Amino acid sequence: MRNYFANCLYKKIKKNKKIILLSADIGNRLFDKIKKDFPNNFLNCGIAEPNMITFATGMAREGFIPVCYTITNFLIYKSIEQIRNDAIYNNNKIILVGTGSGMSYNHLGPTHHSLEDIGLLNNLPNIKILSPADNNDLEEHLKHSFNYKNNQTTYIRIGKKNEPLIHKMKAKINTINKVSEINSKIALIFTGPLFDSISEVQKKLKQKNINIDILNLHQIKPFNNTMINSLKKYNVIYTVEEHFPETGIKGIISSKLSDQKIIIKSINNKNDFISHLGSRKYVRRKFGISNNRAYKIIADDTIKNRNRPR
Amino acid sequence: MLNEKKLEIISRIVRYNIIYQTFLKKSGHLGGALSCTDILVNIFNNYLLSDEKNKFVLSKGHCALAVYSVLYQAKKLSKKKFESFSNQGSFFGEHPSPKINNKYLYFSTGSLGHGMSYGSGIAYSKKLKKKRGHVFILVSDGEMNSGTVWESALLSSKLNLNNLIVIVDYNKFQATGKSDEILNIKPLSKKWKSFGWDVIECNGNNHLSINSSLKLILKNKNKPKIIIAHTIKGKGVSFMENDNNWHYRSPSKNELKLAKTQLKIK
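Protein chains in written order, with my numbering: chain W, 28 to 337; chain G, 34 to 299.
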């Protein structure tokens, strides 16, 4: 995803020299082409994220479109006040691109995980939160971010590398993307590039005669009425995310649908750091994200519900 | 350019208006507003009001009243707006609001350690756009505690932002005591020199000294510049000078009267 981001940004800069990429000393060789062809459009700000954010807001004031790029946890956690005061409160639009989000850095441990960023930013007014599931989503999100009509600071939460493409269609802004819809009363909704960890669930459940819709919440904020209404038809919504559920999409969807009789439940229910190192799949499993776990929870709930006397 | 005598008269009027508003609104941060008054009077009247290419960032946001007072005296801010200071519903608070949005105040500070990063972003943009003019940033000595100040010092030096002029209101006090006792920021000059900045020290309560240091430092075309302006917290009113209680308290009617006499306001 980060390579695709670098390629997309190169094309954007080629068309619009006001776009400036600021990095906090990350992306070794990733931006070589931008640096070579457009040296004025790249700046390594060093490992000093808060300064990078406020510096970017000064550039925004002068008419530039700064893109601040580094690993998500550093970008957001070190600079939350700068994002709040200097970008949002002071009306300076910048684009925040967090790379290696969630548990992409599965071999580096919790200091490199971001399991709280959605919650932190969702709590702030006047910011957009986009969470692409694949490169097609990302392309659409970048297009939307650079649109001059969009004057809000925008956060794009991207993965790292080798995320499979899941959509034939590009993400549509202001809607929830349907990955697979069979008009069920049960939905499994995910965010970010983790479809590969739940791709088997639908097929396995079908063998038990359980049908579910799979939805991709690629836009988290604003969570508009179209998005809310599209969820009202479900009886049960399961969420799955590389984020703590209370402040992640589980919590957000619950609050948006609080006046509905819908059961909303998170597949990943862990609220602790995952110190174990290992493959992405292994670390996700430790966090409660896997095909088996999702299958088991949904199948057990549904069968229990079927057998309940009416 | 106004001469020192005129600037000194303006400073006294600006100071009195600050004190009077503080008296009326029972607001705080008086000591720091009085220490930076001469610096603000000087750069606004000699560099900012006359040349729109020059930009200003107030990093020590808690002294916004001093900027309002300078702008009001220079007839760049209406009486109505100035007198709305700290009133219910007003945007002219102890810290500036982005809703003020005039040429000089459009960035809200209040949390310290943001103004330098912001101003250096503006200065760098000016260079990219090949625009002339300087960016003046007023910081407090207390801000020298903040990590972002030093992050910004490194980046501005790397980018060789010779259009950046930072002025430190070095009044030797911060919220709860002497700045050298809370975190020893000395030696300030050496620190900034070692960060690759062009450094000059001056008496920040003396227009002759401020003028000559500005002239001198503007001659250097190479580095980002910092003026370490030695000032007195509460300057201009004998019983407020170097008494850090005036970081929080506001004057009584009698104290206001005394201040008026000392500032030779009729």
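It is worth saying that the hints were derived from the structure and are not from the lab.
Note that the structure is predicted; figures quoted are calculated from it, not measured.
The beta carbon of each residue, even a glycine, is placed where N, CA and C say it ideally should be.
Be a bit skeptical, because a hint or two may be false.
Claimed, not checked - Just a few of them, taken from the derived set where beta-carbon distance is under 7 Å, the chain W residues facing chain G:
id: 1; residue: A75
id: 2; residue: N78
id: 3; residue: F82
id: 4; residue: N117
id: 5; residue: H171
id: 6; residue: Y175
Here is how each hint holds up against the structure:
no. : hint : verdict
1   : A75  : 4 Å, holds
2   : N78  : 4 Å, holds
3   : F82  : 4 Å, holds
4   : N117 : 5 Å, holds
5   : H171 : 24 Å, violated
6   : Y175 : 18 Å, violated
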